[in-house]
Structure formats: structure tokens, C-alpha cells
Amino acid sequence: MGRTADEPPPPEAPAEEAPEPVFKNVQEFVVYRFIPMYCRPTGGEYRWCAEWWRHSEAVSRFHALWHSWEVLRWEPGTGMSVWYRDHLDPHLAALLSKTGPFRACTPHGHVDPEQLPSVPAPLGWFEDEW
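Numbering-wise, the UniProt record's numbering puts 60 at position 60 of the sequence shown, and it's gapless, one number per residue.
Just so you know, the hints here were simulated from the structure itself, not pulled from any lab data.
Quick caveat: nothing in here was measured; it's all calculated off a predicted structure.
Glycine residues also receive a C-beta, built at the ideal position from the N, C-alpha and C atoms.
Be aware that a few hints might be false.
What the hints assert, rightly or not - Restraint-style ranges between C-beta atoms, simulated for each label pair:
#	residue 1	residue 2	range
1	82	109	34 to 40 Å
2	81	120	43 to 49 Å
3	31	114	22 to 28 Å
4	31	122	41 to 47 Å
5	74	31	19 to 25 Å
6	114	27	33 to 39 Å
Go ahead and model the full structure; you've got the sequences and the hints to work with.
Put into C-alpha cells, the structure is as follows:
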């Protein structure tokens with residue numbers, strides 16, 4: 001039977017509160033989760049920079065990894081497997097590759113990456129979207 005116009009709507013079910021994240025920021029995630037767990041030899045095939053936070057691409061990728069990890073850790077069954085397959089493995093391959101953001105760095109120090117060249121587009125080339 002339907003509700004009449006003078007009846008109050010049924011109470012809404014209380015929204016589930018999001019669980020507290022394990023890590024407060026991306027640095028905690030990298031320092032306390034990523035680095036201790038994913039050991040790789042550096043130099044040769046794998047590139048790493050102890051000053052990873054100086055590489056904007058790395059920070060962006062680690063941020064994506066951290067947020068996806070915080071969500072998928074609660075998924076029963078295959079949540080973490082999905083995280084490894086869909087998130088960690090592709091990002092790890094990009095981060096540690098010889099052509100990745102740490103390509104110029106050595107185990108002895110950070111080297112600022114060279115940015116891609118860019119020429120500004122002529123005025124009016126792009127329309128504002130927002």
C-alpha cells in the first residue's frame with residue numbers, strides 16, 4: 001500500500017561511516033607499507049630514488065595506490081588481489097622502470113627529472129570547460 005501525502009517519509013537507514021584510514025598521508029603509506037614490503041634490487045633493471053617525494057609523477061602514483069589500498073583492503077575475498085593486479089602491478093612497473101620517474105636517479109642520490117618540452121597553444125585554441 002502506498003504512502004499518502006500527509007504521512008511522513010520513512011526514516012532513512014543510517015549511512016555506514018567510512019572506516020578510518022590506516023595511513024594519515026601518502027608519506028606514511030610509502031614509508032610504512034610500500035618500502036618495507038616491496039623490496040627490489042636498485043640500479044640495473046629497477047630504478048628508485050630515496051627522495052621519491054621530489055618526483056611529482058611518483059607522488060601522484062603513490063597517492064592513487066594509497067587511496068585504492070585503503071578502499072580495497074575492506075573488500076572480502078579478492079579485494080587485495082584486485083589491488084595487486086589492477087593497481088600495484090601497473091604502477092610498480094611504471095615507477096621502477098628504466099624510463100620511469102626515477103630513471104636519472106642513482107642509489108647515491110636524486111637527480112631532477114627533465115620535463116617534456118611544451119609549446120603554449122595559441123590563445124583561443126582551447127575552450128574553457130569549467
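Results for each hint:
Range check, residue 82 to residue 109: about 36 Å between beta-carbon atoms, so the 34 to 40 Å window is met. For the pair residue 81 and residue 120, the supplied restraint of 43 to 49 Å holds, since their beta-carbon distance comes to about 44 Å. A hinted range of 22 to 28 Å for the beta carbons of residue 31 and residue 114 is consistent with their spacing of about 27 Å. A beta carbon spacing of about 45 Å between residue 31 and residue 122 agrees with the range 41 to 47 Å that was offered as a hint.
Range check, residue 74 to residue 31: about 22 Å between beta-carbon atoms, so the 19 to 25 Å window is met. The supplied range of 33 to 39 Å is broken by residue 114 and residue 27, whose beta-carbon atoms lie about 25 Å from each other.
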